[in-house]
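Visitor: Listed below, chain by chain, are the residues.
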Amino acid sequence: MWVKDSSVLLDRRRFIATVVALGLSACAAWRPSPEAGASATPMPDRAWANAAPWPTLAAVCAHLLPSAVATPGAEAFHALDYLHNSLSDRRADASDWDRLVAGTGQLQQLAQTQQGAVFEQLDSAQRESVLRALEADASGQLWLSLLLTYLLEALLADPVYGGNADANGWQWLQHQPGFPRPPADHAWYRMAAVTGQRRQKAVG
Amino acid sequence: MDHDFDVCVIGSGAGGGPIALRLAQAGKRVLVLEKGPWFTEKDFFKDELACCRRSVYTPKLSDEQHVIEDKNPLGEWIGTPTSESGRDFWNGNCVGGSSNFMSGFFHRLKPVDFRLLSEFGPIAGANVVDWPISYAELEPYYTMVETEVGISGRVLAHPHAEPRSTPDFPYPATAEHAFSARIDRACAALGVTAFPVPRAILSRPQGDRRSCEYSGYCGSYGCASGAKGSARAALLNRAIASGHCELRANAKVTELSSDAKGNISALAYVDGDGVRQRVDAKIYVVACQAIESARLLLASTGPRHPDGLGNRYRQLGRNLLFAGGSEGIGSFYYAEMDPGEAAALRQRGPFINRAVQDWYTFEDPDFGGRAKGGTIDFLFSHPNPIGRAVNQIWDNNDEFLVWGQPLQERLQRVFTAKQYLRFEAFNDWLPNDDCFVGLDPGVRDKWGSPVARLRVANHPHDLKVGRFLADQAARVLTELGAKEIHTFVTGDPPQNLVAGGCRFGNDPKTSVLDRHCRVHDVDNLYVSDGSFMPTGGSVPPTWTIYANAFRVAEQIRAAL
Numbered sequence: 001m002w003v004k005d006s007s008v009l010l011d012r013r014r015f016i017a018t019v020v021a022l023g024l025s026a027c028a029a030w031r032p033s034p035e036a037g038a039s040a041t042p043m044p045d046r047a048w049a050n051a052a053p054w055p056t057l058a059a060v061c062a063h064l065l066p067s068a069v070a071t072p073g074a075e076a077f078h079a080l081d082y083l084h085n086s087l088s089d090r091r092a093d094a095s096d097w098d099r100l101v102a103g104t105g106q107l108q109q110l111a112q113t114q115q116g117a118v119f120e121q122l123d124s125a126q127r128e129s130v131l132r133a134l135e136a137d138a139s140g141q142l143w144l145s146l147l148l149t150y151l152l153e154a155l156l157a158d159p160v161y162g163g164n165a166d167a168n169g170w171q172w173l174q175h176q177p178g179f180p181r182p183p184a185d186h187a188w189y190r191m192a193a194v195t196g197q198r199r200q201k202a203v204g
Numbered sequence: 001m002d003h004d005f006d007v008c009v010i011g012s013g014a015g016g017g018p019i020a021l022r023l024a025q026a027g028k029r030v031l032v033l034e035k036g037p038w039f040t041e042k043d044f045f046k047d048e049l050a051c052c053r054r055s056v057y058t059p060k061l062s063d064e065q066h067v068i069e070d071k072n073p074l075g076e077w078i079g080t081p082t083s084e085s086g087r088d089f090w091n092g093n094c095v096g097g098s099s100n101f102m103s104g105f106f107h108r109l110k111p112v113d114f115r116l117l118s119e120f121g122p123i124a125g126a127n128v129v130d131w132p133i134s135y136a137e138l139e140p141y142y143t144m145v146e147t148e149v150g151i152s153g154r155v156l157a158h159p160h161a162e163p164r165s166t167p168d169f170p171y172p173a174t175a176e177h178a179f180s181a182r183i184d185r186a187c188a189a190l191g192v193t194a195f196p197v198p199r200a201i202l203s204r205p206q207g208d209r210r211s212c213e214y215s216g217y218c219g220s221y222g223c224a225s226g227a228k229g230s231a232r233a234a235l236l237n238r239a240i241a242s243g244h245c246e247l248r249a250n251a252k253v254t255e256l257s258s259d260a261k262g263n264i265s266a267l268a269y270v271d272g273d274g275v276r277q278r279v280d281a282k283i284y285v286v287a288c289q290a291i292e293s294a295r296l297l298l299a300s301t302g303p304r305h306p307d308g309l310g311n312r313y314r315q316l317g318r319n320l321l322f323a324g325g326s327e328g329i330g331s332f333y334y335a336e337m338d339p340g341e342a343a344a345l346r347q348r349g350p351f352i353n354r355a356v357q358d359w360y361t362f363e364d365p366d367f368g369g370r371a372k373g374g375t376i377d378f379l380f381s382h383p384n385p386i387g388r389a390v391n392q393i394w395d396n397n398d399e400f401l402v403w404g405q406p407l408q409e410r411l412q413r414v415f416t417a418k419q420y421l422r423f424e425a426f427n428d429w430l431p432n433d434d435c436f437v438g439l440d441p442g443v444r445d446k447w448g449s450p451v452a453r454l455r456v457a458n459h460p461h462d463l464k465v466g467r468f469l470a471d472q473a474a475r476v477l478t479e480l481g482a483k484e485i486h487t488f489v490t491g492d493p494p495q496n497l498v499a500g501g502c503r504f505g506n507d508p509k510t511s512v513l514d515r516h517c518r519v520h521d522v523d524n525l526y527v528s529d530g531s532f533m534p535t536g537g538s539v540p541p542t543w544t545i546y547a548n549a550f551r552v553a554e555q556i557r558a559a560l
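Chains as they are written, first to last, in our numbering: chain A, 1 to 204; chain B, 1 to 560.
Just so you know, the hints here were simulated from the structure itself, not pulled from any lab data. As the structure is a computational prediction, the values presented were derived from the model and not from experiment. Just so you know, not all the hints are guaranteed correct.
[Unchecked claim] Pair by pair, the computed Cβ-Cβ distance ranges are:
id	chain 1	residue 1	chain 2	residue 2	range
1	B	Gly274	A	Gln174	42 to 50 Å
2	A	Glu128	B	Gly274	48 to 56 Å
3	B	Arg154	A	Gln174	27 to 35 Å
4	A	Arg181	B	Glu255	36 to 44 Å
Glycine included, C-beta positions come from ideal geometry on N, C-alpha and C.
Here chain A stands alone, though its shape is the one from the complex (with noise of 0.2 Å):
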């Protein structure tokens, strides 16, 4: 009965405490815009998906959440829409976005150091030894430990958010899902205007 998740907020306290010591907040980069995301549904143009930083997350999501013979991959459950939904929100927390941008540049920069390129033009290997190599580091630890848990939000949540494509995610862990299931029209960050306007009339 005391149902509440706290690993995201152990995470979170993990990570504020981090960015505050590191001052990477500072870091902002580029934002996807607010519209972009309100629809929860694979934007048809997915022109930035070929924009810094989704390539780079984009393979480091097929590393941590490799596609196999019926295991479907990052790739496969659309992680990245489902991040690009989720990150896009207007009541998502900007500083999610603020530290997943940062780590990608931690990433990179270890990249080079380690192996001369960037994270994207490596083998699997070598993305395995930089990915330990970054854990290594507090800092990187909870990069990896707030994308594994978006990642693992985009294979389970329901498709309205879009990951778990086709409910591939569900299927792939027998997992029976409950109903009624949300519509887009009652996505989470939409909640707050359906009850916006209902009111009672006075009684006298």
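Chain A is fixed; fit chain B onto it per the hints.
Guide: Relative to chain A, chain B alone:
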């Protein structure tokens, strides 16, 4: 003198709902002010992000938060704002309050719970007292809740079953999982009784409410069928339909004003547009859930109440209670069963609905003889998949992260190889001097009011009882043939099972409320949520909160 309303209720959850319904039914003019928004069945979906991973039904911590004190290694209490710690102490801030999101495991307190001091004697460091009323006095209201809120169940005799004035529940038990019969057999083999857990969930339709649709997702989720007995679905909708109750959502009460006599003259609230409003009524009822009720009374100073309403003897906010307890888990591997049995065990929807109260009181030399124990509820692991998956990313005591194929193999094992049966044990959270609500001197909410500052220490005795109950529950899991049995005892407070802070009693020097839950020294102010409880019992408190609020409603009706 003309008032805007006869009664103004602040808060629309389990403490406020019964007041609004009964007084509206009596033809009184009732206003309910609710800080949060107004969701209905049409807004509730089985969406893990909305229910459990984003601040949809609770405030953003940057807008509204708490400050929680922890003891540092030097023994000093250090307060940390929850916006920094991420330790969220909100439970459901919307019309109907957290009753929208409860699991609805409903147990009555037992006669011994009303006489904890007399029955078991004092415990050093604990502020144990008897209640000013008896079980017999509350019993008719427990029965009333069965009908008014809607409780489904089946009475089964067991050694610690409490007396009832009716033979059985008005609604038959909700559908049970095939595994429940296995628990019955295992308990019988151990000589204990597994009884059906009453649920505040309709097993057949009533009025506008449909019966349970057994989606397999209940606790933490708003109910789309209306079957769950939230104060909104079960009570407030009927109060509003009577034509005598007005409900204003997004209305945050900031202060109760009191006059030279010490009585409440008006209240101030901020509406959804940020406009400051004022309302007056003959009688005011505070029901904001324990922490926020104490906070509002502390913040409402006046000429006769310089330290807050009901705080003449510095009792306000003290003896805050949670549910003490323990939990545990065991695994059942599908590969070790025949296919039919595995398929039955995989089924999601019907409830386990089994509890054991054989150790509600017990004799044990380690406890110096007769002692107070508690309730053990059995249930399947919560089905939320994201929460379950995220628990798999750490290895070696959170030292390393797991990713790639090893993480995928873990996920497959956790999701597809086995079913988990859990237990939750409930025992008293002994009232003590290090568990209380105050006002933080620095941190304010988005309306500029000081936030609640909490100290939430448990008494060591609670852990001892929790361990005792966990050991008994582990025996049941062993008898069931569970593998990988783990039990946990913790002194961390479950923020959703909270009560106390305005205990009721006959002596104004040691209590905040009188036996009718009227604030001592204030003629027209009542507190009708779980704040009144001087001790919490060894069950979740919601049924008791509902029952007492119906009792208080009759007092208010008589006073009008």
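Visitor: Taking the hints in turn, state whether each one holds.
Guide: Cross-check of the supplied hints:
no.	hint	verdict
1	B:Gly274 with A:Gln174: 42 to 50 Å	holds, 48 Å
2	A:Glu128 with B:Gly274: 48 to 56 Å	holds, 52 Å
3	B:Arg154 with A:Gln174: 27 to 35 Å	holds, 32 Å
4	A:Arg181 with B:Glu255: 36 to 44 Å	holds, 42 Å
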